[in-house]
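Student: Below, each chain spelled out in residue letters.
2 protein chains.
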Amino acid sequence: MSNFLKSIEGEDQGLKADLDKALVSLKYNQDGLIPAIAQQHDTGEVLMMAWMNEAAIRETLETGHVCYWSRSRNQYWRKGESSGNQQILVSLNVDCDGDTLLVKVDQTGAACHTGRRDCFYNEITKDGLSIIKDPIQDPNSLYK
Amino acid sequence: MSNFLKSIEGEDQGLKADLDKALVSLKYNQDGLIPAIAQQHDTGEVLMMAWMNEAAIRETLETGHVCYWSRSRNQYWRKGESSGNQQILVSLNVDCDGDTLLVKVDQTGAACHTGRRDCFYNEITKDGLSIIKDPIQDPNSLYK
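For the record, the sequence lines run as chains A and B. Using full-length UniProt numbering, you'd call the opening residue of the first sequence number 1 and step up by one each time. Using full-length UniProt numbering, you'd call the opening residue of the second sequence number 1 and step up by one each time.
Treat the hints with care, as some may be off.
Said to hold, decoys possible - Straight-line C-alpha distance at most 25 Å; calculated SDA-like pairs for lysine to any residue:
#1 B:K21 <-> A:S130
#2 A:K6 <-> B:I131
#3 A:K16 <-> A:L61
#4 A:K27 <-> A:Y76
#5 B:K133 <-> A:H41
#6 B:K126 <-> A:Y76
Just so you know, these hints were derived from the structure itself, not from any lab. Computed from a prediction, not measured in an experiment: that's the story for all the values here.
Work out the full structure: start from the sequences and follow the hints.
Tutor: Dropping the structure here:
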């Protein structure tokens with residue numbers, strides 16, 4: 001657990017620390033990445049999970065447009081840059097042990113590359129897997 | 001990306017597959033773990049993120065009580081076993097590329113070990129970090 005975040009966990013609402021101290025206290029993995037859960041700010045829909053590095057977090061905070069690090073493409077991933085389905089930052093929070101971000105956003109259209117609103121369209125029960133959501137946009141129209 | 005989940009991503013709502021096929025298609029990390037986002041089913045609050053292995057997923061589906069794998073204690077973590085703050089399973093979904101679970105739950109009391117309702121009480125803006133939530137339970141009463 002991050003020592004700094006651990007040291008403040010008993011503090012009350014309103015405690016403040018500077019940005020550099022906060023970002024240094026995050027627990028990045030061996031690739032310098034931290035998982036970021038994207039949630040639609042008003043409906044509460046969990047849209048997707050992706051990864052950020054420190055520079056992506058700083059860019060997101062500065063620009064107000066959510067920027068991830070794409071592990072498959074090995075480059076910055078400015079959400080919506082090719083699809084138009086951008087994420088406007090509403091708030092960015094880190095959890096108690098500093099190893100997960102929760103990013104509240106305003107998502108344009110589909111967050112998922114399949115054209116579905118969110119990526120969690122496969123439900124698993126003890127009886128198996130079911131697809132429970134259909135696309136809201138044609139995926140072929142998102143990536144040309 | 002999971003080949004099976006990739007192969008069905010263009011299918012419509014209602015497509016079904018059996019449980020073994022679904023669980024084999026998940027993308028576990030080198031430790032056999034997959035991240036699981038816990039969300040309060042009715043309010044939409046993102047409560048915490050933790051990790052599951054295949055056995056924890058099966059136990060969760062069978063019992064209806066959420067079971068994680070604790071990376072710090074290196075053992076199964078039946079949420080609420082010591083604190084009483086259990087998570088009753090409402091639904092479990094996997095994302096398009098099979099590497100993240102979304103577990104909707106009914107959370108008793110505080111999900112966070114600090115006594116706060118959720119773990120994401122540290123907000124980060126370009127001006128720094130602020131604690132934005134207070135405990136709803138005394139953490140000393142949770143773990144004796």
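Student: Run every hint past the structure and note whether it holds.
Tutor: Do the hints match the structure? See the list:
1. B:K21 <-> A:S130: This hinted pair holds, its Cα atoms lying about 12 Å apart.
2. A:K6 <-> B:I131: 12 Å, holds
3. A:K16 <-> A:L61: Given that 25 Å is the threshold and the Cα spacing comes to 17 Å, the pair holds.
4. A:K27 <-> A:Y76: Holds - the C-alpha atoms of Y76 (chain A) and K27 (chain A) are around 19 Å apart, at most 25 Å.
5. B:K133 <-> A:H41: 17 Å, holds
6. B:K126 <-> A:Y76: Judged against 25 Å, a Cα distance of about 19 Å means the pair holds.
Going through the hint list in order, the structure satisfies each hint without exception.
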